[in-house]
Every structure is written in structure tokens, then in C-alpha cells.
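Protein chains in written order, with the working numbering: chain V, 46 to 526; chain U, -7 to 317.
No lab work stands behind these hints, which were simulated from the structure alone.
Values in this document were obtained by computation on a predicted structure and should not be read as measured data.
Every residue, glycine too, gets a C-beta built ideally from N, C-alpha and C.
Mixed in with the good hints, there may be bad ones.
Stretches of chain U that chain V covers, calculated by requiring three or more beta carbons in the stretch to come under 8 Å of a beta carbon on chain V [said to hold, decoys possible]: (1) 75 to 88; (2) 105 to 117.
Beta-carbon label-pair distances, calculated as ranges [to be verified]: (3) Ser126(U) with Ser477(V): 45 to 51 Å; (4) Gly307(U) with Gln366(V): 54 to 60 Å; (5) Ser477(V) with Glu204(U): 57 to 63 Å.
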Amino acid sequence: METSAVAIPPKLVKEFGRIVGPQHVDIGPAELLVFESDGLTLHSTRPGCVVYPASTEECSAIVKACVRTGVPLVPRGAGTGLSGGAISDGGVILQLSRMNQILALHPEDHYAVVQPGVVNNYLSLQAKPYGLEFAPDPSSQIACTIGGNVAENAGGPHTLKYGVTSNHILGQTVVLPNGDTAALGSFFPVRTGPNFSTFLAGTEGTLAITTEIVVRLVPVAQTVKTMLAIYESAEGATDSASAILAAGVLPTAMELIDNLCIQAVEAHIKAGYPKDAAAVLLIELDGEEELVAPEIAVVEKACKNHGAVSFRTAKNEEERQRLWRGRKHAVGSLGKITPAFYTNDGVVPRSRLTEILKLTYETAEKHNLRVANVCHAGDGNIHPLILYDPDSAEEQQRAITCSEEILIACVEMGGSITGEHGVGVEKRNMISRMFTADDIAHMVRLRDGLNPAGILNPGKIFPNGGGCGEVRSATTIPSEA
Amino acid sequence: MDKVIRFHPPDMILSVETGPAIHTVKDMVEAEQLWLPLDTPQDRHLSIADFLAEDISLSWLSHHYGTARDWVMKLTAADDQGRIVTSGAALVKNVAGYMLAPLYVGAKHALGPIVDVSFRLLPLPTDLRFVQWSGADLSIIQKILEITPDETSSLAFRNPWEGLRLEHHEGKWRMDAITRVSQEKIVAWAKNVGEGGPPTITKVAAPPREYEIGTIQPILRIQVMPSRMRHFLAILPESVPALVCYPAVGVIHLGAIDSTIEQHALKTYLADVATSGGRIQALHEDGVPHVPADNAVTSDPMMMERVKGILDPKGVFGPLPEYPW
Chain V
46 METSAVAIPP KLVKEFGRIV GPQHVDIGPA ELLVFESDGL TLHSTRPGCV VYPASTEECS
106 AIVKACVRTG VPLVPRGAGT GLSGGAISDG GVILQLSRMN QILALHPEDH YAVVQPGVVN
166 NYLSLQAKPY GLEFAPDPSS QIACTIGGNV AENAGGPHTL KYGVTSNHIL GQTVVLPNGD
226 TAALGSFFPV RTGPNFSTFL AGTEGTLAIT TEIVVRLVPV AQTVKTMLAI YESAEGATDS
286 ASAILAAGVL PTAMELIDNL CIQAVEAHIK AGYPKDAAAV LLIELDGEEE LVAPEIAVVE
346 KACKNHGAVS FRTAKNEEER QRLWRGRKHA VGSLGKITPA FYTNDGVVPR SRLTEILKLT
406 YETAEKHNLR VANVCHAGDG NIHPLILYDP DSAEEQQRAI TCSEEILIAC VEMGGSITGE
466 HGVGVEKRNM ISRMFTADDI AHMVRLRDGL NPAGILNPGK IFPNGGGCGE VRSATTIPSE
526 A
Chain U
-7 MDKVIRFHPP DMILSVETGP AIHTVKDMVE AEQLWLPLDT PQDRHLSIAD FLAEDISLSW
53 LSHHYGTARD WVMKLTAADD QGRIVTSGAA LVKNVAGYML APLYVGAKHA LGPIVDVSFR
113 LLPLPTDLRF VQWSGADLSI IQKILEITPD ETSSLAFRNP WEGLRLEHHE GKWRMDAITR
173 VSQEKIVAWA KNVGEGGPPT ITKVAAPPRE YEIGTIQPIL RIQVMPSRMR HFLAILPESV
233 PALVCYPAVG VIHLGAIDST IEQHALKTYL ADVATSGGRI QALHEDGVPH VPADNAVTSD
293 PMMMERVKGI LDPKGVFGPL PEYPW
């Protein structure tokens, strides 16, 4: 763990107690321990204090107190993020888990108003009796919160058809970096014109704290069919994904799971994936019943033309759920075969998927490491999971280097360092691989203008200046040679 | 500035400068069996730059496919010091850095001119049917919309229509829709209504463009919650000569309002819309009656002014559009 950079004045802790009640303020080392990292355990820093507000007004008062004392503050949901976006180096963690209410659900107009601590899957469960659901479904959806989804602009398997979180946010109430509140967007299903609320999605809590969200709910499809195609080579699976889209079919999801992941899944939950397959492709179609049936035939043909040795459609809901459990728990299942792994979130143009997948295996082999792959094949979003021994600092460093090399390759192919996990602290020093100095300066200019005291989530997304604090303004970033 | 920067169909991304007409690039991607699911109701010659700067992307596709900002994955603009700056990536998915497109799209170049963009694309829908249904009575068309799968929902809400619009012109109502649903099913729905005659169903290779089927130049936009759409269509003054509406998103576009009688009748109606929390936006200056103030409490204009002050403090570029936008 790094050394704490900020000291919390005792007076500030007392003020927090007055705002939220002393029982909702933690400063003890044991309580702070769980906030040292999020889902990315390779980065850890201890916060100085954790505060649990229950309302927009309390959030506002907390931010104003932080502004007065110059203490930085990091909003945090379930802590399932995978880029170190929700950690604080000695500052305040604004833990939003008490703000977990669905404030309104309007099935007739297909929207809900939720607090940021509402768990993603809980919202869909509550909307389901009305024939609706919240479309973004990150793999962590049974734990991750809507506020975190907004901060990271989260995706998930079904974003291929339904888009990411920013496509499903109609409005927000936010607390600004000076403690003022702002109501953004509206309840209307679509709006034209500039949209500050949509812009905030994916800014990782660096510009505002989301305290209420108006989310779009989408109708649950009349028919949902899930298929499993089995391959003797991972290339067959990636080629099939391209062929399905080229045939004019837009599945809701196309998920590739490779052999090592299959081994872990079958050891853990027995999803019914064949252990000897090089890869499986999980494909889902939804829509009107009469439209889905012919699409299944197109998908089957595309898969078989590209090397699928077996293809089946889930016969019932139980089998469908079992197939999905395999994918949703694929990452967690790795605990069966390794004590630790490092998750990568690169993206490539879809046509380079086969190439980047091959490169992940070659890069891991070069570093004498094992890699398991799951990926959103329709999006070109890969998740190589690099296995390592956490007791070996040298092996851990090799895993980090391996992951960075894969991300660099993604960028060289015209891709991105992150498709859905965010930049956080993990990849802030890699962002200049994607953007020019002017590009970054423009974004930093906006950040510094909107968050002038640097109170909100400092040290995330953009590179640190090194030593004296992070990059502050446009002109301080040297141009690339 | 009319170059295609990159278009490799398997990537399902088009990167293009902003000079070409939006429909030119739609033609180009459709030739490769891909689709940019955005439309502009009137102007076939509209450039990408104007399309994005004005955000003229609310169309008969919007209930299903959103508006322009949902499809811009990368945006490059000039800043106030003449530097070319980019955000986003030419990919179907990316969350690296701030994505500035939601600020620039619809800002009328107030933050700087947009010089190129990358659009996400979809497979071109195949086996499509273009459905047209005409009648003098709005209630018949409403029945058509309501017998689609979820009869308990508001108008056309869970609907199989990928494009949907209602037009009222010269005393007649017409529904235009595109769908992948089979002809047999559409005919069966129509039979259930039992009035109004059969719809015209045409098989089409690609979704028609709205400017090909629309006849009305809107001057005023009303937006209400979709569940209130039935009410606001029912109480429309009879003197309103022309309108087009997108029922699933609660939008009514009124056409030319020429006479004093029409203006007078409309004033009461607009007041009713405003009282119920609806939004009213003048799309043109000429012939538009007094528009009541937007009742919604929103910080959007304040935040955009703040962004303008940060990115263009000397006012090098033009002003932000007047709210409501």
C-alpha cells in the first residue's frame, strides 16, 4: 500500500458526524481496510475517512465541508470497478450504499428514478413484473450499482444490441465539485441538443457526484433464444461472430469463452460447456418470436461455416440460465484454478479480434504466464485474464507488463485501452497512447474548469505530473515528439 | 472537407469528415449492407456538420434508435486556439478519456466546429416492410398501434415498428411505419380493428428516408410524456392544419400555422401542454405563436454556459443555442 497523501482534520470528521450521524462515519483502520482497493486489487491506497450519506442534501453538505478544508473526496458504489477508480489516497470516500432506493418506477413511460446505490440487477428484478428491464448488464450486475455504472459508462454482454449505460440515462441529479446541486436532463425518452448528463457518464466521478438517476427501461423481449457453438479453435469463434453480423443478424450478445475459462467454469458451476473445446461462443437473439426463428438458422449456418463442431439452442429457460451462469461467473470461476489474476479490458476494431486474441496467448507465453480469455466478440472488447502468483512480486510485475503490452497492441491496431472498465488509476499513464497531448489537454482543461479545486476523485483518468501532483492544465503537458 | 477517413465494413464503423450530406454517407454504408439508423425528416442535402451541430436527428426512428449522440463514437473539433482535438475512438465500444460528443452535438458549433466523426453502424435490416395506413379518423390508427403486442402499454410503446410516424394533413391521418414483422401478422392486426381498410404493405430493401415520405415542414415541437400522447392528440385544435408526430417518444411537430384563428386556438393548447410539464420548442421564427416558458427545472443551460466559458472564454465561436433545445 502507498503512503497516505492527505491528513483528515479531526474537525472535518466531527462535521461529517453532524451531517450524517456519527454512526455513519468510519475512521478506524479495520473499517478503512475494505476501502483500500476496488475490484482491481493490484492498486491499494488507504482512505482517511469513509462517510455514508443518505441523501443529495447530505452529499452536498459533505462536499462543501471538503471544499472548505481542501480534502479530496472519492464517490464509491459497490467497489466492483476494475480500474482503481474508487480508491482514495488518504482522502474521503463518499460511500453511497445507503442511497439504495428506487424512488419512482413509471412503467407506462418506461423510466425509473433511482438512487446511485441501487444494485443493477435489483432494478431489473423490480421492473420485470411490468415487462421491463434495465439493459446494461455488466458481469458484476448482482453487486454493482447504477451510480457506478454511470461513472464508468458500464457495458456488459448485451450492449452489442442495446448500447452502454449512457444510452440508457435520461437525466441525473448531481452534486457539483463546489457542493451545489444540479438537475440535468429530463424524463422524456429522447432529447436533442447538447446533453451534459450524457457527457457525465464515463467521467469516473471526476466532475460530479451522481445522487439520483433517471434511467430508461426497455421492454423485455417477447422471445429470447440462447445458443452455444463449440469450436476446436478460438479463431473459429471470432470468425463466426463476424459472419453472423455480416449476414445481417444483430444478436443481443456474442460472448467468447476460451478453454482455460471453460475448465474453471466447469470446475465451479458446471454450465455444460465441453471441457475439451478450444472455445465456445454464447450467442443470444431476442425479439418477436416469428423473427427470431429464422435468425437462429442464419446464426447456425454462420457458425458451422466457420468451424463450429457443435451447435445447440437452449431447450428451456433452465438451460438458458445455466449457459449464462457459465459466462457471468467465468471470471469468478478462475479462483478454482489460480490464486490471482489480472483483468485486461482492451478493444480492437472488430475485424482485428482474431489477431488480438492470438496475440494475448503469444504475449502471455513470452512472459511465461497463463492467460484465460473471455470477450465480447461482437464489440471487439477482450478480457484476457492473466493468471499469476500474488506471493511473487516478480510474477505480479510480469502480469502487469504482459497486460500493458496487450493494451499497446490494441491501440496499435486502432483500438482502445478500455472498453468498459474505465481508466481509473490503472491506465492513466497509458491514455497518452490513444490521445495526443492536445487531446488530453482539452479534456484536462474541461476537468480543471469544472472541478477547479481538484476535490473530486483526483489522480484518475489522466496522467500524474509526477511528484508535485497531477497534471493541472492544458499547457503543462509536453507535446509528443 | 468531404473525405471518408476510414470505412472498413467488417468493423461496422464509418469515420468521415463533416462536409458530405448525411444521406450520402447513409447511401454509402447501405451499399455495404450496413445502416446508420439516423434520419432527418426534411432536408436531403443537410451536411453532417449541420446535422450534428443543429442535432436535427429526432425522427421516426428515434424511439428505437435514439438520436445522433447515441451513434457518434469519436468526434474531432477545432478548439478556440485552432488546435484539432479528438475524444472517443473509432470503435463500437470505448470508455477511455472524456467523450465530448454529447456536449458538441446540438451546440451549434459554439464549442468549436466539428471536423470529423466516427459513427457506429448496424447491420442493414433485411426483409423489411413499409406499412402505410390512411384514414380520416385518428382513433382507427390509434387502435392499430394499441393492438401491437402489449395492449396495456401506452401508444405504440412495446412495438414492433422500427420507424413510426403519424401525419395529419388536409384532413386526413396517415401512419407510416417500418417493421420486420410478417405481412400476415400485420394484416391480422388490421383485421382486428375492423375499420379503415387494409394497410398498404411494401417490401423494401432498406428503410425509406423520412424526407421521402413526409410532407410537413414543422415549425413548432411539442414533447409530452408518451403516456399523455393520446390526450394531447385528442384535444388538438381542429384548426391546426398539419402535423407529424412520433407517438412512442411523445413528440408532436406542428406545421405552418397561418391564420390568426389557428394561432388563437393553439395558444390555449400550448398553455395546456406547458401546465402538464410538456416542452414546447419553436423550430422557426416565422409564423410561430407565443411559446410558453419551459416549466422544467433544469441546470442544463447553466452547465453548458459553464462549459462554453471554459472551452471558449473569449467567445471565438458563436453562442450556444437558446434553451429549450
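Each hint, compared with the structure:
1. 75 to 88: holds (count 13)
2. 105 to 117: Check passed, 4 qualifying residues.
3. Ser126(U) with Ser477(V): 45 to 51 Å: 59 Å, violated
4. Gly307(U) with Gln366(V): 54 to 60 Å: The hinted range 54 to 60 Å holds for Gly307(U) and Gln366(V), with Cβ atoms some 58 Å apart.
5. Ser477(V) with Glu204(U): 57 to 63 Å: 46 Å, violated
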